[in-house]
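Taking the hints into account, I'd like the entire structure generated from these sequences.
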Amino acid sequence: MAIIATQFLPFAKAVAKSLGATDPVIIEYPGAPMNDSHEQLRDKVANVLVPKILAGWSQRKNAIPGKHSASEPAPREVVFSGSLQQIQDHFYARLWTDGLPVIPPTMAKVEEFLRFTDRASDEVLGICPPECREATIWNIAVNGIMAGCRPEYMPVLIAIVEAILDPEFLLEDAGATPGWEPLIILSGPIIKKLDFNFGGGVMRVGRQANTSIGRFLRLYMRNVAGQRIPPGATDKATTGMTFNVVMAENEDLVHELGWDTFGVDRGGKRGQNVVTVQSCVAITQPTFSAGKDASNHARIMAEVVGQTFAYWAYTGVRHTKWYPLILVSPSLARVFADNGWKKDDIRRYLYDNVRIPAAKMENYAHNSSSPYYSLKEFVKGGKISAEYYESDDPNRLVRVFVKPEWINIVVAGDPGRNQCRGYVQSHRQGVPVTRHIELNGHWKQALAA
Numbered sequence: 017m018a019i020i021a022t023q024f025l026p027f028a029k030a031v032a033k034s035l036g037a038t039d040p041v042i043i044e045y046p047g048a049p050m051n052d053s054h055e056q057l058r059d060k061v062a063n064v065l066v067p068k069i070l071a072g073w074s075q076r077k078n079a080i081p082g083k084h085s086a087s088e089p090a091p092r093e094v095v096f097s098g099s100l101q102q103i104q105d106h107f108y109a110r111l112w113t114d115g116l117p118v119i120p121p122t123m124a125k126v127e128e129f130l131r132f133t134d135r136a137s138d139e140v141l142g143i144c145p146p147e148c149r150e151a152t153i154w155n156i157a158v159n160g161i162m163a164g165c166r167p168e169y170m171p172v173l174i175a176i177v178e179a180i181l182d183p184e185f186l187l188e189d190a191g192a193t194p195g196w197e198p199l200i201i202l203s204g205p206i207i208k209k210l211d212f213n214f215g216g217g218v219m220r221v222g223r224q225a226n227t228s229i230g231r232f233l234r235l236y237m238r239n240v241a242g243q244r245i246p247p248g249a250t251d252k253a254t255t256g257m258t259f260n261v262v263m264a265e266n267e268d269l270v271h272e273l274g275w276d277t278f279g280v281d282r283g284g285k286r287g288q289n290v291v292t293v294q295s296c297v298a299i300t301q302p303t304f305s306a307g308k309d310a311s312n313h314a315r316i317m318a319e320v321v322g323q324t325f326a327y328w329a330y331t332g333v334r335h336t337k338w339y340p341l342i343l344v345s346p347s348l349a350r351v352f353a354d355n356g357w358k359k360d361d362i363r364r365y366l367y368d369n370v371r372i373p374a375a376k377m378e379n380y381a382h383n384s385s386s387p388y389y390s391l392k393e394f395v396k397g398g399k400i401s402a403e404y405y406e407s408d409d410p411n412r413l414v415r416v417f418v419k420p421e422w423i424n425i426v427v428a429g430d431p432g433r434n435q436c437r438g439y440v441q442s443h444r445q446g447v448p449v450t451r452h453i454e455l456n457g458h459w460k461q462a463l464a465a
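The sequence shown begins at 17 in my numbering and counts up by one.
Please note: incorrect hints may appear among the correct ones.
Have a look at the derived ranges for each label pair, beta carbon to beta carbon [said to hold, decoys possible]:
| no. | residue 1 | residue 2 | range |
| --- | --- | --- | --- |
| 1 | 354 | 401 | 28 to 36 Å |
| 2 | 18 | 335 | 18 to 26 Å |
| 3 | 184 | 47 | 29 to 37 Å |
| 4 | 64 | 435 | 49 to 57 Å |
| 5 | 435 | 382 | 28 to 36 Å |
Keep in mind that the hints were calculated from the coordinates and are not lab data. Ideal Cβ placement from N, Cα and C applies to all residues, glycine included.
What follows is the structure, encoded as structure tokens:
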């Protein structure tokens, strides 16, 4: 039995179907509870929900978990033949596209992509919620083609899908109302090998590798996981954002500065190709800082970028999972390095200096979906650090960042500009997951062919 607000009824039914619940008891809460007064809430619970709950106990229930069971095309089945426009119309009508034209995934094209991996085309990597389809090497190639990827990108695509299938990523929550987008961060020699942009306009569409692979992930989550906006019913983003292009590091500069790359920060080895995927619920404004004094740059970063993170901090504190990411331009990174600062020095400065009043953090929570959010109760229950409740003063300042080591830093962008920008990660939803990109001898031979 589930109690579901009106706007979530189609989503709830789709999830129940994907789990094999053939006769679920779904009780509607009319309207949006967060917009009701306490009196309206009590009235609806007493006079609408309780009678339906009592009646629901007697209804037949059958909730047997299972994978998506709808009749769907087999992997090698030709689903349609026609002109390019007819193919676009056919795919669009079936919600198989993101609204943009797609490259038709012909059998010959798929075979091209498969040349760049030794893995069997029918290998199952895992199950993609909410519609519980199998993630396979074959359907990775199909969606890569549709997104405009090149065949040699195949190992990157496989690693990306392996990342989002990690249970820690919580792919099933990618359709949550905040409307977060996945963000791909790429590290290693493959950045140059496949011509990724890591310079000016690094997060702008325009370079095939960055753009098509970013599009691929959103398309894969739509087509295989089944997360679709209306007329679909499984993506409940209130507004949402468009897909992010791949964020590729300027590794040459990072090495020159004596810093570790983001890939090494995430557990990879120097010179190793790794990809990280995390959620991004918001992007801060571009923030400029000037001069040769590292502390001035850090102060501006804390005041502007840090305070933008402050709104979403209540989620990280509550879930004790939150991994903010800051993109730092090369010239800004060089100033920090010239002053003897490492990434950990930047992290520690932000951790110590970005704070907001406790009452404000609680108020942000109360106005979203956590009316009973209380730092005092969290501390008393041992759920969060005691420093979040050191007095009853509502104006006491509390930390925005949960742990300094959870602040991620990537160096990329125009080397001639003094800018940084923050990417707000959505707490336990879409935590960063890193996977090694497997490039075997077969891939190198195929690339040279």
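Okay, the hints, checked on the actual structure:
| no. | hint | verdict |
| --- | --- | --- |
| 1 | 354 to 401: 28 to 36 Å | 34 Å, holds |
| 2 | 18 to 335: 18 to 26 Å | 22 Å, holds |
| 3 | 184 to 47: 29 to 37 Å | 34 Å, holds |
| 4 | 64 to 435: 49 to 57 Å | 52 Å, holds |
| 5 | 435 to 382: 28 to 36 Å | 34 Å, holds |
In the structure shown, no violation is registered for any of the earlier numbered hints.
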